[in-house]
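Number of protein chains: 2
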Amino acid sequence: MNGIGQKARQASTLLAQAKRQAKDAALLGGAAELRKNAQSIMAANALDMASAKAKGLSGALLDRLKLDDKRVEAMAKGLEEVADLADPVGETMAEWTRPNGLLIQRVRVPLGVIGIIYESRPNVTADAGGLCLKSGNAAILRGGSESINSSGAIMDCLQAGLRQAGLPQEALQMVPVADRAAVGHMLTMTRYIDVIVPRGGKSLIERVINESRIPLFQHLEGLCHTYVDGMADLEMARRIVLNAKMRRTGICGATETLLIDRAGAATHLAPIIRDLLDAGCEVRGDESVRAVDARVVAAQDEDWNTEYLDAIISARVVDGLDEAIAFINRHGSQHTDSIVTNDAARAEKFLNEVNSAIVLHNASTQFADGGEFGMGAEIGIATGKLHARGPVGVEQLTTYKYRVLGSGQVRPG
Amino acid sequence: MNGIGQKARQASTLLAQAKRQAKDAALLGGAAELRKNAQSIMAANALDMASAKAKGLSGALLDRLKLDDKRVEAMAKGLEEVADLADPVGETMAEWTRPNGLLIQRVRVPLGVIGIIYESRPNVTADAGGLCLKSGNAAILRGGSESINSSGAIMDCLQAGLRQAGLPQEALQMVPVADRAAVGHMLTMTRYIDVIVPRGGKSLIERVINESRIPLFQHLEGLCHTYVDGMADLEMARRIVLNAKMRRTGICGATETLLIDRAGAATHLAPIIRDLLDAGCEVRGDESVRAVDARVVAAQDEDWNTEYLDAIISARVVDGLDEAIAFINRHGSQHTDSIVTNDAARAEKFLNEVNSAIVLHNASTQFADGGEFGMGAEIGIATGKLHARGPVGVEQLTTYKYRVLGSGQVRPG
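Protein sequence lines, in the order shown, are assigned to chains A and Z.
For what it's worth, the numbering used here labels the leading residue of the first sequence as 1, then goes sequentially.
For what it's worth, the numbering used here labels the leading residue of the second sequence as 1, then goes sequentially.
Note that these hints are calculated values from the structure, not bench results.
We put the CB at the ideal spot given by N, CA and C, even for glycine.
A few of these clues could be false.
[To be verified] Pairs of lysine-lysine, DSSO-like flavour, derived with a Cα cap of 30 Å:
#, chain 1, residue 1, chain 2, residue 2
1, Z, Lys349, A, Lys7
2, Z, Lys7, A, Lys349
3, Z, Lys19, Z, Lys7
4, Z, Lys55, Z, Lys70
[Stated by the list, open to error] Covered stretches of chain A, going by a simulated chain Z footprint (3 or more residues, C-beta under 8 Å):
#, region
5, 286–293
6, 353–366
7, 372–379
8, 401–407
With the rest of the complex left out, here is chain A (with noise of 0.2 Å):
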């Protein structure tokens, strides 16, 4: 593992200096050889496969191993959109002459060594590797045993797309040991690794959080809400309630959470709530749900701190805007929050109080994704606090340098 951690370093110093040009050929070049390979990658997927069936894995984690066609050339293209994105490594961020002369540049610089601990997605060796590469970082992918196959097959592909770039091919590794000895050794490598960013499940993320010794860029879980507020446009609220809920039910924008203003409920509770049962949700509701339609269910106190990541949602009506606020910063994971209303000051106060990474208004929180924010791909959404919060793109893997531009200046005093 020290090795794996040394070669990356060394690439990470090439890598941080290399132009634009030699990075996006070798994600154009990785994208080709993904299109090219497809039939290896898809036999080693079979491996893995095969492997998964034999140890009883369930439907729904083999369904994230497979790789077919269609998958195999959603990478490629992946891999190609990273290419298009403004590379963020050099920009000036700001600069500024002091009295004395000296120009002071904040310029954006690579963070260096990129961790990627990530469980059964084979995609997310591509789609993670080739942001860190366009950013100017190297990266070590650590994917989950059940993958191993599939993931070496891409990792083939982005390495070779290096080589015929001119650059390292060690700037994307994949540790090759699946053993869960690596992950903790992998955690603990301050030297080597500059951040770790941990993709899956949530006793994943709190193995990664109890154990790194290296900061994070993590979300622990999207436990999103979306408020309808007494002064909400009916049509409105009915139509961001159910995209919120149920376009998607397993991404971590997903609404989770729905409180109602009890200045609404006579005309808002009854149909919104009657809109998800019919689409199919269920609903675990406090006594006003209840008493709307006979199919809510009872909501018991841990459905106010459940993501559901499925067609199910907790709702409850609640006295106004500032229980509201109180009740999202105490039972939400500081993701996602909507608010719908028309009355502006109560949105406002909304956006200002709601302590969350991303705030609505009016907007669904399906929203929440680096993509609809017009910032290209994404490695995750980040709900700590520190360096990057929300989606994270090529830009928040980047960190900055400050350069002086002096004449001979020296301090006073």
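Since the structure of chain A is provided, determine the placement of chain Z on it from the hints.
Just chain Z now, kept in the frame of chain A:
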């Protein structure tokens, strides 16, 4: 300790929404209280000094602990200067409109609760507390046991300022117990503290790095280099090296190691080394440097990794720019490094490839300071790569959130 944490978290939600006027009033009120209570602060300090002397603390430590009229006035003035700084909170850092009409704003918000762990200097109480307050954060301060009476008296003034301004006095709290266990407890309070700023010697910072479960803004040491290139102007190089080492030897931006290009050694080496020796600096050199003057002593291996914080410098001749860059990246602490040269291409290469928070061309490393950068007061200089790098001022004590303003948008597909 958890009680302090809960109160700080509560206060932080009020501070985050506080108007600039209220925060500045609290800072100015605190300054006035410091001046009004200067006598009782110095009386409290006399208790600390007596017990420190009884414990046999060193002269340098006693000097850091000591408060006099001038130092109390400096604290008061510092708070007034922080009040004068622009309020970073609420600033729209970027905004853009998506094709679907969503307006996305990245807006600066406070981090939340900041933990400050420091040693004997009681003035850190006011300096760090003021910066946290200005940036809308609550702070929990844990000073050294030697300064507990002094720091407590200063904190009383800051809290009086908060009360007078109608802000919760729990926005700034002092840990009342001075035992080491309190630090250990603080470092695990992930629910109540968002970031820890350690201020002190290497052993304190190493302990914090090892034990903290909370992200840190820290610098372990300032092992700064000045590289005198073969193309350097001799008079400029002499002026810069002497200032970089000797202006103040105890600050983190002081140069600790001098590298001289072999190509310029014949002309540049002797005068630069003699300047240092004549100014009373001990020079620890390699063979080439020792050949210049009999007063130069032989450098040992550990000299290349030592932050002296004293009138001592290590000096060696290197074979050109590449060796200088490699040496700095291997031995430095990624704090601040400078090149003196009249060759623009070499300067550019140095600025790009030296992997430090601050890189300078033709200027003294002693400019590594938030005030000199025009950022106002700083809470320290961060040598980590995440979030804050270089001087940590009020802006670096903030994070951001995304505000997304819609008109009923739902996400398609």
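Out of the numbered hints, which ones does the structure contradict? Checked against the structure, the only hint that fails is number 5, while the rest are satisfied.
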